[in-house]
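Peer 1: Required output: the full structure, derived from the provided sequences and hints.
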Amino acid sequence: MSEDRDIRRAIESGKKNRRTTELIHNWCRHANVKKCGGTGLIEAQTGLPIGHHAMACDHAPASGMATWDLADAALDFHDRNCIDCKHRFPVRLPNLSELLGERERAQAEQKQIRDLEESQRVAALASRQETRRALTEMLPATSQTIIEQLGELDDGRHEDQRTKLIETAKLAPEIFTPEIIEHYFQMLEAPESWFSAVGLETLFLLNADPVRLARCALTAIRDFNATNMASKIVLEHIAHVDPSLIAGAFRSLSLLAAPPDSHFTGTVRTTTPEPLLALYHHYPDAVKAAIEVYLDSKNYSAIENAARAILVIEQQDKSIAAPFARTIIAKLARPELLIDLNELHSHHDEHHLFHDLQEVIKSSLKAAPQETDELVSSFLTTADSKTTLRLLSAYESLFHSDGWREDIEEIEAHSIALRRLVNTATSMVKFDDLWELLGMFRSGAQKGLEGLIRKEASYLLGAAILLERQRLELANEQRQAKEFLAYMGINNQFNFLVKMQEGLVGWVAGAAADSPETVKIYLETLSGIPEDSPHLRGIMITALSRPMGTVEGLNLALPALYSALVGSSQQERAAAIRALKEIDSARRNDLPRLLFEIFLTTLCDPYRIVHQSAVHTLERFSLPEEFRPVLKLLVRNLVFAYSHGEDGDEFLAECISLYVSQYADKEELVGDMGALLVSQLARMKPEIFMRSHFEWNAKKLKFSPGIGALVVKLLRETSSDYETEPIFRVLRGLPPATVHAERKSLEGVAMDRLDNVDSIGSLIELLTRSGALTEAERIAKAVVNSIPDTTRDHQRRQFASLLHTATKLEATVAGVQQDETVEQLIQQWRQTIDDIEQDRKEYETRRDLLRGLLGKNQGN
Amino acid sequence: MRHGVIFSEAFSARIRAIEALRTATEARVNNAQAMRNAADDLDAASISCDYGVAAASYGALAGLLRITSMLVEWRGAILDAAQDADRFLRSAKAQYRLWLEEYRAAEIQRGLLENSAAIDSVADLEQVGNICHALAAIPLPIPFFAAAVYPSRIPKGDQQQDKEPPVELKVAFLQFEIDGEPAKQVHFLTPQMTHDLEIEVRVSRWPEGATTLHLRPVTVELPDTYDFSSFQFARPPGEGPFVIRQRGRAVLKFPHSIHARPFEFKYAAEFSPRASEQPVAVVGHRTLRIEGIDLQRSPITGYQAMDRKLLQLRDSLRENRAIAETDLKSSLVLMTALGSLACRALHGDLYPGIRDEPQFQRDVREALRIAPEIASELEEHPHASGGITDLSFRGIRIELKVEQQRRISLDDCNRFLGQTASYVIATGKRIGILCVLDCSKKDVAFPAEENLGVLKHQTKEGDVFIVALIIQGNLPTPSSLSK
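From first to last, the protein sequence lines stand for chains L and H.
Residue numbers for the first sequence follow the working numbering, beginning at 1 and rising by one.
Residue numbers for the second sequence follow the working numbering, beginning at 1 and rising by one.
Heads up, simulated DMTMM-like pairs for lysine to aspartate or glutamate below, C-alpha to C-alpha not over 25 Å straight-line:
1) L:86 to L:839
2) L:632 to H:461
3) H:460 to L:665
4) H:170 to L:626
5) L:447 to H:277
6) L:632 to L:647
7) L:781 to H:9
8) L:632 to H:463
9) H:460 to L:597
10) H:460 to L:668
11) H:460 to L:667
12) H:253 to L:524
13) H:184 to L:626
14) L:666 to H:107
15) H:329 to L:597
Simulated from the structure, these hints should not be mistaken for laboratory data.
Peer 2: Here's what the structure looks like:
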């Protein structure tokens, strides 16, 4: 629903940008449009220029800004560069002049509105002045000063004038005659917004009629005027409030109590929940009636206000949400019928509203779990997956703690929610949207829920067993899928389901850490799972590491782990190895030696899943020192075994990494073994080596034969900064002679990416360090030649010239080059620096980044 | 991640340094101050560089500029006939020695060390210009990127620094006693019989809030196969370290098979409640390896001395992890059968007179096939290493030999070792069996278990183990001994 609106908006924006692009091209032959950022799915599908774009020109000394609406960027660019441009070459109409004309018309319309408002303001002021003149004649001389001060405030609206009037009321309340007080009330009831703060505070200080004052205060709140003072009066005169006005002021009361979230992160909104809470305390029926009216509305803001008000009142009355649960559940179940979401509402707005409504359901679940669950259940029977997600998100949110590192306090609702969520998971055919909802099982359970999980241990483990059937069906579908997309869809579902099973098992295993009874239930369940379900058994065996965090748990779980480790199922052996990897470090020292001995045998297990798991485990699981020689031998055997083909390169890289970091000695790496390891790494796809502790391994292998060529090969085959940065770090750590030997290849790499400042800078550093001064000079020269000699690129080219001069200077100093003298080169350097500085000064104003935003452009 | 470009600022400093050095090559110029200024600029550039080698090289050149500025001062002072001009030279040399200490092992451009070596031996004015010229001719890496600047860390409060850390919480296992005797490396316990188990530990200190120390046995065995006490200690009076002792019980509920590894119980220490501090180290002998074979009730061969020898050999073979567990198991089956045969041969004179190898092979084959664990899995004459082995069981080669001439001992069996080992290696194993029939004429027979042992054959890839057994035949009749 909201996604459709967002897509429509993006398409419209793309069409507008396409039109602006045409106007830019027609404006000047030199002008063009530059895309900034990546290409989204909608852009890729439609071919429309969606996203941030900027206007550019070779003759422009200042670049503009990139904007979502290209028209904004085009006008900004025009104001910076085109107004006095001597190179402009108009193509045809329509062009940018159309946008310029629109801007002028809009500015003229705004001026007209401002003029009209000004004339109305002057007329109203004259009328008020006339009233005050008439009033003055009726007042004693001492009181006339009040009217004068009021007149000054009306004219100037300064804070000083407000203060003066308030201070007068404090120091000389007697000069406020009944006529003045009546005039004050009349102005408040008019209402005159500029006067609200002064009027309310003065009348409050003078103890004026509380009933009338409370009414004025509630009216001010309704209009969102002087809300601080008005709130104070409402709280002070709560007994005199007219309940019939609450409905009118409800929107403002809700906004004061729970202001909408700011779009700018870090902005703290002040909340004033006191008036709403006080009114609810004294007039609950009136507030509830207002909530009901707002909830019954289809208006987005009204519903949001009602939901937020309920959440505020919940602090005072835990049961407030329950009576509204049916309405809110209905809104979440049928938003397309019961909520007006128009084109202006983004999916973020929709998400925020749903979130507020879900929070109300959560509150209702806490207050009346059984009743609320029954209501939700009645809607779930016909719900699709999206609706289910919206409704059950409230259940899921019960399992989040309120604050960072805070434990959850277990209540009755948790048990109901847990069962509802688990039931949903086990009865779903497809998990298209529910991954979001059931994702909570994929992470560890929040602290505080251990008791609940222990109580529900059998239920949760049973759910994991029930999911096994769905998993098998998905596995079957996966095998039969012929289309790639269909396969991927099933694969995602399959993976999600596996994670869900792991999560359910993990929750119980985690809660069993301090509960021998739960460990026993866990082990009984494990032993009851037939051996032809090795997948689920494997999950449960892996999760055994959790209860093994205590000595008692360790002892209870060890026999099962050991049996799996020596058992006939390769999946269970691998699972047991994974459990060893996850075992708490404090308990590793308590493991019997027998277990280590068996672990060693898994490194020569004929099944890949087993010995590969063993190697994964060795990265974190250390065996006593006495096993080190055998481990070295076994890992080296694996390196040899996997050195014969591409199948298994990922694992080979891991073995090499393990061998290099844990077992190899320095002499070995400088010799044949080092050469073998490097040659194997060079044979692999670069991404495989890069993923496997690349920097650490390269550091260890830095003296091995062939390492220089390997690293340069990696550099040549990668392009993103993310990948090249670690490669350059490694190159920096290699001996200079190794880099020097690779200078030709490095020059080749540089020539392929002359526009990449990071690569060029790094290569110049490396080559000048290793003494390859000629290559460095050639690269710098190529960079200068690759930059067009245009106004736009002038600075960039000059900077490249500096680099070229520097490389020539180092080569000349060393005697490698003799075309120019050192003095000539120093002169060249200084000339270029002066030129850059002159260019900077000349265009400083035009290049001001914020010029357009701050309205400094000529057009503004 | 790059943190900006420093190149133009840094290289400007480099240019000023080159200029200062080149100017100083002129004998009559005294630009010491300009050199020092250039050194300051280089230092500032050095701090800002991201590339460590460039930063260090710039820093090193800055140091050399300051040193050569002293040489230039010295030259000026001599030329101006100033008093005590040599103090500049002495200072330059002293500074240079300090510079060398700092940069000798540093990762800098090597030319800086080589071209500056002459400073230490400067004696006349001409050398100053030469040194400046040499230093100006050293190419340096061009620094391009700026170094990252991280906010400094907030210093720890005084209170934290002053607080003395508590003694490390350690639990040391001092002693295990079973039935009043210290536990052996592998301790024998009679199955289905209750034994005393006494434990003594030292605790470095008692953690705050902890009420009880639990010592529990950790094992991979199923709980219903053993019953070993868990120990609980309440906090003893006084200050640590504490030595505490307690007695419990140990029961093995079932006897072991010869193929089974000993039970292993590792005692773990944990304080309760769990939220209290836990030991950072549990040290000392805390593992009990318990053997529960009951040779009386479940004999292996029926000959106790041979049974004990078999267990001893099994343990020594297990020590070597190169032998696969399955191969060891198969070898034990064979060793049991052949050990029994050796005892029976001695007991009943199974092989009287002189025999040849084919005869002996038939005898052994029949004897092994009688054993139900071997029976049909025994192969005869399988090929290995270009030769034909005698017998084989699950890949474990059995080489049979007959000695008719003279009495043979286990040491004499080494002459058959090479052949047997080559068959074993060809099969990809680390263990094999050599069985020799000694049918030489003899006056007296030896106990059968003394003729069973393990021989080692060394290879590049590690040792190959050959279990050697001599079966005694052609035994003297007891009556012949009395003649």
